[in-house]
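Respectively, the protein sequence lines represent chains F and D.
Heads up: the first sequence begins at 4 in our numbering, then just goes up one per residue.
Heads up: the second sequence begins at 4 in our numbering, then just goes up one per residue.
Careful: at least some of the hints might be erroneous.
For identical chains, the list gives no copy identity; a pair is met inside one copy or between any two copies.
Simulated crosslink set (DSSO-like; lysine-lysine; CA at most 27 Å straight-line) [what the hints assert, rightly or not]: (1) Lys161 - Lys126; (2) Lys126 - Lys165; (3) Lys123 - Lys161; (4) Lys107 - Lys161; (5) Lys106 - Lys123; (6) Lys123 - Lys165; (7) Lys5 - Lys107; (8) Lys186 - Lys110; (9) Lys110 - Lys161; (10) Lys107 - Lys157; (11) Lys186 - Lys5; (12) Lys6 - Lys107; (13) Lys126 - Lys5; (14) Lys118 - Lys161; (15) Lys126 - Lys113; (16) Lys110 - Lys165; (17) Lys123 - Lys186; (18) Lys126 - Lys110; (19) Lys165 - Lys5.
Simulated from the structure, these hints should not be mistaken for laboratory data.
2 protein chains.
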Amino acid sequence: MKKDVLEIRLSGTGGQGMILAGIILGEAAAIYDDLHALQSQSYGPEARGGASKSEVIISHEDIQYPRVTRPNLLLALSQRACDAYHSDLLEDSFLLVDSIRVKKLPKGAKYKIYKIPFCKIAKEITGREITTNIIALGAVNQVLEAVTFESLEKALLKRVPKGTEEMNLKSLYAGADAIKNYKDK
Amino acid sequence: MKKDVLEIRLSGTGGQGMILAGIILGEAAAIYDDLHALQSQSYGPEARGGASKSEVIISHEDIQYPRVTRPNLLLALSQRACDAYHSDLLEDSFLLVDSIRVKKLPKGAKYKIYKIPFCKIAKEITGREITTNIIALGAVNQVLEAVTFESLEKALLKRVPKGTEEMNLKSLYAGADAIKNYKDK
């Protein structure tokens, strides 16, 4: 990881697997990449409204303030999540949205926006949307270079159900490829 | 919940499901009991050493300081976890240990200790230790009265795999019963 600290916010609707994606990223960083990590979910009124977020802080040092305040990256898989959480993004940060689910983007944004059809890619790979979170995780890590993909693979394989390993690995790298091949339209 | 704020630390070895137990408790509080909750895992060197912890803060108000510093309760399912995390416990707090896995208890403790064979109860109920975390969760909630059992049931059923609902509900209430019927030896 090049930066000293990375603050990452993964958001969507409940049931889109944002917590699992955050746990895998945190474990990749701390257990396999020898970094410090803190992964958290705070639930307030917006959780009852259907928006869901999961946060990961990754650092070379012990993490003193455990709350994400200036995210380097926001992933938003739903319009409601994008609306609720984009306002903290700074100039040199990144917004990754599901291009099919998030049609209304923040106006006048000075950060880089990636519009990627995560849920469509998931359907192409698995026939269902279930691995959307893992595709998004691959994209997030390709943008930030937060952890090595070797560590991310290990953490992923420890957390996904038996029999789904290959599907999840394909999803992870499909997400990374979506960033590598990204052309802004 | 009677207290204004509860700080709860669930610890064991990696793979004992402490994160899932924390998530279920946090969701029960925030989504079904109309409280605020924050659930987190921080990974440092002890994660690589095999101790694993998951923390939950539950509050009637918005949570300002998101780190557990004075836990009202520590659950320790392994000796290593008990050794690593018991020192923050205050006088009026609770320590719940797996009585088979944790043989060496903190000396001179002024808090209440419950010694319960969580993993043995799990084997009796399911033949395997897989639901030890849910049994412990039932016990934790029985001690603290953190959330209603109605909400805890709902949150549990949303998170466990299909087909395991009954086994998990039985485990939850077996944990609660272990506290209700507890006799200190």
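How the hints compare with the structure:
1. Lys161 - Lys126: both (23 Å within a copy, 24 Å between copies)
2. Lys126 - Lys165: Intra 20 Å, inter 22 Å, cutoff 27 Å: intra and inter.
3. Lys123 - Lys161: both (26 Å within a copy, 25 Å between copies)
4. Lys107 - Lys161: neither (36 Å within a copy, 31 Å between copies)
5. Lys106 - Lys123: within (15 Å within a copy, 53 Å between copies)
6. Lys123 - Lys165: both (24 Å within a copy, 26 Å between copies)
7. Lys5 - Lys107: Answer is neither: 32 Å inside a copy and 43 Å across each miss the 27 Å cutoff.
8. Lys186 - Lys110: Only inside one copy: Lys186 and Lys110 sit 20 Å apart there, 63 Å across copies, limit 27 Å.
9. Lys110 - Lys161: So Lys110 and Lys161 fail the 27 Å test inside a copy (40 Å) and across (36 Å) alike.
10. Lys107 - Lys157: This pair counts as neither: shortest intra-copy Cα distance 36 Å, inter-copy 34 Å.
11. Lys186 - Lys5: Result: close within a single copy only, 24 Å intra versus 55 Å inter.
12. Lys6 - Lys107: neither (30 Å within a copy, 42 Å between copies)
13. Lys126 - Lys5: neither (33 Å within a copy, 47 Å between copies)
14. Lys118 - Lys161: neither (29 Å within a copy, 31 Å between copies)
15. Lys126 - Lys113: This pair counts as neither: shortest intra-copy Cα distance 31 Å, inter-copy 56 Å.
16. Lys110 - Lys165: Neither way: Lys110 and Lys165 sit 43 Å apart in one copy and 42 Å across, limit 27 Å.
17. Lys123 - Lys186: within (17 Å within a copy, 57 Å between copies)
18. Lys126 - Lys110: neither (30 Å within a copy, 57 Å between copies)
19. Lys165 - Lys5: This pair counts as neither: shortest intra-copy Cα distance 33 Å, inter-copy 42 Å.
Going through the hint list in order, the structure does not satisfy hints 4, 7, 9, 10, 12, 13, 14, 15, 16, 18 and 19.
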